[in-house]
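Engineer: Sequence:
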Amino acid sequence: MKKITSIIAIITLSIAFSATASAQVSASAPTSATIVTPISIVKNTNMSFGNVAVSSTAGTVVLAPASTRTATGGVTLPVTAGTVTAAQYTVNGQTGYTYVITLPTTLTITKATTLETMTLATFTSTPSATGTLTGGTQVVLVGATLSVGASQVAGLYENTTGFAVTVNYN
-13 MKKITSIIAI ITLSIAFSAT ASAQVSASAP TSATIVTPIS IVKNTNMSFG
37 NVAVSSTAGT VVLAPASTRT ATGGVTLPVT AGTVTAAQYT VNGQTGYTYV
87 ITLPTTLTIT KATTLETMTL ATFTSTPSAT GTLTGGTQVV LVGATLSVGA
137 SQVAGLYENT TGFAVTVNYN
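Here the working numbering is used: the sequence shown runs in plain steps of one and ends on residue 156.
It should be emphasised that the hints constitute simulated quantities derived from the structure, not laboratory data. For each residue, glycine too, the CB sits at the ideal point set by N, CA and C. A hint or two may mislead.
Label-pair distances were calculated between CB atoms; the ranges are [as the list claims (entries may be wrong)]:
1) Q80 / V11: 17 to 25 angstroms
2) V86 / V11: 38 to 46 angstroms
3) A140 / N78: 39 to 47 angstroms
4) A9 / G121: 52 to 60 angstroms
5) V11 / T91: 32 to 40 angstroms
6) Y155 / T96: 34 to 42 angstroms
7) A140 / T20: 52 to 60 angstroms
Whole structure, please, built from the sequences with the hints as guidance.
Structural biologist: Rendered as structure tokens:
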């Protein structure tokens, strides 16, 4: 009888443990999502290097984001400056968020009547590389360096399609 009682006890314990081991348990996790204001960018002002005088030596005009310019090499900047402006954009989005600014690497401007060209490179911005949307908005100013050829043909050089400045939340 002792043996039967022991066997029944073992079977009972086995059933109890197997029931516990195979029982399912679960936990729940609340879920949420926050939609932030989409980031956007709008061009306010076109970039213009103004009037540039050339010589038989190539040079450059550096247009800073602050709309100031300097010349190197055979390029001079006449007293009659013409319109000198860095490109200006307004970025809008979620207040307090930071974003990254992507500038072009090069751009070609062309004299329509002769198809002669000049190249813009070394684009710079203020703010530089990243910005912060204080109050949900920030102005981005963009400058570049214009390479002017030796004895560059006089006239208006432009790129009417413009250049892209891209912004993305960090």
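Engineer: For each hint given before, does the structure comply? Return the numbers of the non-compliant ones in rising order.
Structural biologist: Checked against the structure, the hints that fail are numbers 1, 5, while the rest are satisfied.
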